[in-house]
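Enquirer: Please model the entire structure based on the sequences and the hints provided.
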Amino acid sequence: GAVVSQHPSWVICKSGTSVKIECRSLDFQATTMFWYRQFPKQSLMLMATSNEGSKATYEQGVEKDKFLINHASLTLSTLTVTSAHPEDSSFYICSARDIAWTGELFFGEGSRLTVL
Amino acid sequence: ELKVEQNPLFLSMQEGKNYTIYCNYSTTSDRLYWYRQDPGKSLESLFVLLSNGAVKQEGRLMASLDTKARLSTLHITAAVHDLSATYFCAVGRNNNDMRFGAGTRLTVKP
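Quick mapping for you: the protein sequence lines, in order, are chains A and B.
Residue numbers are given in this note's numbering: position 41 of the first sequence equals residue 41, and the series is strictly consecutive.
Residue numbers are given in this note's numbering: position 55 of the second sequence equals residue 55, and the series is strictly consecutive.
Just so you know, not all the hints are guaranteed correct.
[As the list claims (entries may be wrong)] Selected chain B positions facing chain A (Cβ under 7 Å, derived; list incomplete):
| # | residue |
| --- | --- |
| 1 | LEU2 |
| 2 | ARG31 |
| 3 | SER42 |
| 4 | LEU43 |
| 5 | ALA54 |
| 6 | VAL80 |
| 7 | ASP97 |
| 8 | PHE100 |
| 9 | GLY103 |
Hints are computed from structural coordinates only; laboratory data are not their basis.
Glycine included, C-beta positions come from ideal geometry on N, C-alpha and C.
Expert: What follows is the structure, encoded as structure tokens:
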């Protein structure tokens, strides 16, 4: 099956710093990628939809200036958490839609962010 | 707005028993997904259901979709300990992303 790789798998940073998470589709082209956040023992919540070559679409309540999304190529989307605070600590998961849409989305391994 | 309700939220069952997890959703959709998540891990795709009446089986798990009733079920047959995990259903939205249910945390006891 299609592979989506996220990097880093986990990161610990100090409050006030920025952290970048990468999401790559390794063996297919993805015009659209999605970023989710999952708090402990909760479900996945969609943060934003990332479209290659255009601005991301953010879900209601998600600060676009805090969670910067860039989808510069058909295989890479990045999520930057700016000026991170402890409440941003979470499990961030990306998914990607194949350019040949089959109805399935492929998920990355997730990135666990801990802000001290 | 699309709402996805999953139940039960927690399920503890004995090995060898059968049980069904239910997923109801509020608006029309033709894509229904089931995922498994182990602690600290990302999602593992179990089933993708794309049409009314679709039924798929893999090992001890079987999923079905009734788009008219807006209901999907995940049936567990003769549960084993290895099936312990959190199971999510997700319903496709028009913009091609998906809305997740709250998850069912399954514990299978010997």
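Enquirer: Looking back at the hints listed earlier, which ones does the structure fail to meet?
Expert: 1, 5, 6
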